[in-house]
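Heads up: the sequence lines are chains A and B, in that order.
The first sequence: position 123 = 559 (our numbering), numbered continuously.
The second sequence: position 95 = 531 (our numbering), numbered continuously.
Derived by calculation from the structure, the hints in this document are not laboratory data.
Values in this document were obtained by computation on a predicted structure and should not be read as measured data.
Some hints here could point you the wrong way.
Any copy, or any two copies together, can satisfy a pair, since identical chains are not distinguished.
Quick list of in silico lysine-lysine cross-link-like pairs, BS3-like style, CA-CA up to 30 Å [as the list claims (entries may be wrong)]:
hint	residue 1	residue 2
1	K551	K660
2	K517	K452
3	K566	K728
4	K660	K484
5	K660	K728
6	K660	K691
7	K761	K566
8	K773	K691
9	K728	K761
10	K765	K691
11	K517	K765
12	K517	K728
13	K566	K463
14	K752	K691
15	K728	K463
16	K551	K728
17	K773	K452
18	K765	K551
19	K614	K761
20	K691	K761
21	K463	K773
22	K752	K551
23	K728	K484
24	K660	K752
There are 2 protein chains.
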Amino acid sequence: MKKNKLNQDWTAIWRKGHTVFIIDQTKLPFNVEIVELQSCIETANAIKNMLLRGAGTIGVAAGYAMAQAFAEYSNEQELQKAKLFIESSRPTAQNLFYATNRVYEEARNAENPEKRAFETADQILHEDEKNSRIMGEFGAELIQDGFNILTHCNAGKLAIQGWGSALAPVYMAHEQGKDIFVYADETRPRLQGAQITAWELQQAGIPHAIIVDNAAGFYMLQRKIDIVFVGADRIAYNGDVANKIGTYEKAVLSKENNIPFYVVAPCSTIDFSCSCGVNIPIEERSSDEVKKFRNVLIANPESDALNPAFDITPAKYITGIITEKGIHKPEDIHSLK
Amino acid sequence: MKKNKLNQDWTAIWRKGHTVFIIDQTKLPFNVEIVELQSCIETANAIKNMLLRGAGTIGVAAGYAMAQAFAEYSNEQELQKAKLFIESSRPTAQNLFYATNRVYEEARNAENPEKRAFETADQILHEDEKNSRIMGEFGAELIQDGFNILTHCNAGKLAIQGWGSALAPVYMAHEQGKDIFVYADETRPRLQGAQITAWELQQAGIPHAIIVDNAAGFYMLQRKIDIVFVGADRIAYNGDVANKIGTYEKAVLSKENNIPFYVVAPCSTIDFSCSCGVNIPIEERSSDEVKKFRNVLIANPESDALNPAFDITPAKYITGIITEKGIHKPEDIHSLK
Chain A
437 MKKNKLNQDW
447 TAIWRKGHTV
457 FIIDQTKLPF
467 NVEIVELQSC
477 IETANAIKNM
487 LLRGAGTIGV
497 AAGYAMAQAF
507 AEYSNEQELQ
517 KAKLFIESSR
527 PTAQNLFYAT
537 NRVYEEARNA
547 ENPEKRAFET
557 ADQILHEDEK
567 NSRIMGEFGA
577 ELIQDGFNIL
587 THCNAGKLAI
597 QGWGSALAPV
607 YMAHEQGKDI
617 FVYADETRPR
627 LQGAQITAWE
637 LQQAGIPHAI
647 IVDNAAGFYM
657 LQRKIDIVFV
667 GADRIAYNGD
677 VANKIGTYEK
687 AVLSKENNIP
697 FYVVAPCSTI
707 DFSCSCGVNI
717 PIEERSSDEV
727 KKFRNVLIAN
737 PESDALNPAF
747 DITPAKYITG
757 IITEKGIHKP
767 EDIHSLK
Chain B
437 MKKNKLNQDW
447 TAIWRKGHTV
457 FIIDQTKLPF
467 NVEIVELQSC
477 IETANAIKNM
487 LLRGAGTIGV
497 AAGYAMAQAF
507 AEYSNEQELQ
517 KAKLFIESSR
527 PTAQNLFYAT
537 NRVYEEARNA
547 ENPEKRAFET
557 ADQILHEDEK
567 NSRIMGEFGA
577 ELIQDGFNIL
587 THCNAGKLAI
597 QGWGSALAPV
607 YMAHEQGKDI
617 FVYADETRPR
627 LQGAQITAWE
637 LQQAGIPHAI
647 IVDNAAGFYM
657 LQRKIDIVFV
667 GADRIAYNGD
677 VANKIGTYEK
687 AVLSKENNIP
697 FYVVAPCSTI
707 DFSCSCGVNI
717 PIEERSSDEV
727 KKFRNVLIAN
737 PESDALNPAF
747 DITPAKYITG
757 IITEKGIHKP
767 EDIHSLK
């Protein structure tokens, strides 16, 4: 196993000049490999092929890809084309569109578009980092000493700069010295929980165990889970939340068992133009993600598989949405506009 | 891939003389391999190591193992020891205890214990087969033309002789010419849905797709699932049901979405001595089932995993329990005693 040494301050994405550096998340937890992305197309393809993932990291990468486009192209038409190419990489993530639009708008009329574009993308990264810490502070207030916490997928440091979103309260509670334990849903089909969240928690020394997605309800019914934190890929005006497939199931089960269910996401994840969840496009990914693991078949070869990557959790199942501005009732999220 | 040809009348388990034959379910769907079990210990180990699984098939195998013990041992003490050994193979399955007790009681005072033991085990197999068809008939009445059906784990021909339990209504509806579609939960960690249910449905030419367990709720919320059928490993006096981990989650989601949720199981699965679900022991299996696939790590190596094999679905989430005696409300199941 190739192992790059990471210090405690490791981040998922950074840049030097026009080059973007990322941890290749498809190689985790087995190898820590750094990939250099030299062009807009390379960065957009890294988003598409999920070398990086997570709402915030996708947003920052999209911002850098847009900035790289400003370095590579000068005419409006080429820039527009590049912008569309970046935006076609992952259709569900709100932060992606937020970042490309913001970099594009800030840079297009600037004196030095290229410089301004990179600075704007840097700014998005730094804002994410700052917001993550603030969300962590708000969320940690909900975590009592001795709490058992459930999380689904990965919404940690690899997903959003700083401490992530869903894991920010967990990191903060741990830093505050609270005795906590995390159940990490493995998160089929791509196993971000088993592979990435578990790796992150181990790096931070936070006690945890991986469970199959099927087992979360079992532990809820046994009163072994005190609170649930998940991230979000997009939040609609009415408080409905698009997040990793399976989030809806955990939300319904939390409500049924009177367990507080919190969505943690920066305001940049809110899509105020989207009235409700049914209007959020759901990416259908390749059936190979379900049927194969590292190119080895794990399912009946002759059967089809369906693979929706996200689901919609209606606002009524969500106890609260934690942003950098505070803890909100989902039905109040529109007031943040 | 080694492929044994199976005809349409294939079964999961059968015997010739004192030898028990099974399809090695750990090799499916990639290879169809027949294993011969020559002794009580071999058969009990096949149960323990899950070369065969499914409540009915475990019961029949346990019955045959008990009969093999009668062929191998003659004194009471050795037979009792063999019985305990068989019963230690899988602690949750009610059919296992039903079969060992029945074979033991019938044979111990018979003129020819060995002959009587094998005949009794045969009888359990034939009763399962008959009951399966009857359960299929009852269940198929609930399936309308055009229905989309969800099932979890495998409770088909490999699990119970005949047509299985949960899949019996599906096979029957298909035979009746109804246009049906089955969503098969892949059923982590052991993937019985993706590997075995999908294989069975393909063999029978029943349209279906594999989904990750996380996606069932997504399709329920979209009104794409009309009815749910699952099997059972043990049913308590009050109608609580122990079944494959994840069953409870699907039951809660079904209720929340007003989708009928049926448990299909022969009366032999009911444990009248067990007052309610919390008294059913839940088998905790190796964390390797979660962390590895065919000995390849798929999770963070340094993280622990928890692996409860079953969960308890409280009676209130179950629309009905289908046995060979009819369709019952879960709270009425005790009246079948």
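For which of the previously enumerated hints does the structure constitute a violation, in increasing order of number?
1, 3, 9, 11, 12, 16, 17, 18, 21 and 22
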